[in-house]
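> All chains, full assembly: derive it from the sequences and hints.
Mapping of the sequence shown onto numbering that gives the first Met the number 0: position 134 corresponds to residue 133, and the numbering continues sequentially without gaps.
Bear in mind the hints are in silico, worked out from the structure with no lab data behind them. This structure is a prediction, so every number in the text was calculated from the model and none was measured. Careful, some of the hints might be misleading.
[As the list claims (entries may be wrong)] Derived pair list, reagent style DSS-like, types lysine-lysine, alpha-carbon separation capped at 25 Å:
{"hint": "1", "residue 1": "K132", "residue 2": "K87"}
{"hint": "2", "residue 1": "K132", "residue 2": "K118"}
{"hint": "3", "residue 1": "K82", "residue 2": "K118"}
{"hint": "4", "residue 1": "K3", "residue 2": "K82"}
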Amino acid sequence: MLEKMAREIRENGDNIFELVCVRDGVWETETLRPTAPCQNCYSLTKNFTATAIGMLQDSGLLTVEDFILPFFGEEVPAGYDVKLERVKIRHLLTHTMGNESGYLFESDRYTYGENNWVKLVLSRPLAYEPGTKFVYSNSTYYLLSCIVRRVTGKTMERFLHDELFGVLGITDYAWAACPLGETSGATGLYLPTADIAKLGLLYLNRGVYAGRRLLSEAWVDAASRNQVNLPGEAAYGYSFWMNDAGYEGNGAHNQIMLILPRENLVLAGHGYMDGFDYLGALRRAMG
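Spelled out as structure tokens, the structure:
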């Protein structure tokens, strides 16, 4: 199946580097363009950040209903927008914090003249009441990474290294950090394609990997269903986008982690192009 999908990609000249598919426990890999073993996952990074939050909720160290300001204590700047007092972790997970527009993307994150990104984010006025508007932003997942460190005493990269990556067999990776050393929770995780598939399998198998439970079924169910529920807005869970066959994590330039529960299938891919339809190509390959 994956060979057929790869053939179509080659014939069309699509700039996809590698595909990994796991169906019914059987792994297939197609390398279309040899590249460095680890590639930027871009916003697929958010799926790993959300997983860290899920693990901490399952451990009783926080909940998605917790308000965020108490995690930052004296770091909260004077004169902050009082709407911040009503922002919960679930608002960060679902991009419904209340931002007017998204920021801390590649195009702007180093343009503010401010190395303290917590101060930058918490000083910014909110245009909307939390929970009332979906505005995709890297700033929300940056704050989630910071919350992980304030709860665990470890950077999020170190927390996931210790608690998740070892079980998943993730050993070769790199992860960008902000100027003050906080793990970039929204982007900047470099992984082999197969390691994206491993996280997908954790969710496909409802929180279990290699016989070990790492996430509760309750977290998997919540993360993989629409949590935004606003008219005209995206169908988005906790870092996952809903599609008509399951759900997916994706990143800029066509990074994918596609999870299809009815097919018992995970598809992971790295590429560098825009607009490639993985789900459509997969369906054509499946006949």
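> Does each hint fit the structure? Answer for all of them.
Hint check results:
1. K132 - K87: Since the Cα atoms of K132 and K87 sit roughly 14 Å apart, the hinted pair holds (cutoff 25 Å).
2. K132 - K118: Distance ~23 Å between K132 and K118 Cα, so the pair holds.
3. K82 - K118: Since the Cα atoms of K82 and K118 sit roughly 16 Å apart, the hinted pair holds (cutoff 25 Å).
4. K3 - K82: Judged against 25 Å, a Cα distance of about 52 Å means the pair is violated.
Violated hints amount to a single one, hint 4; each of the other numbered hints is respected by the structure.
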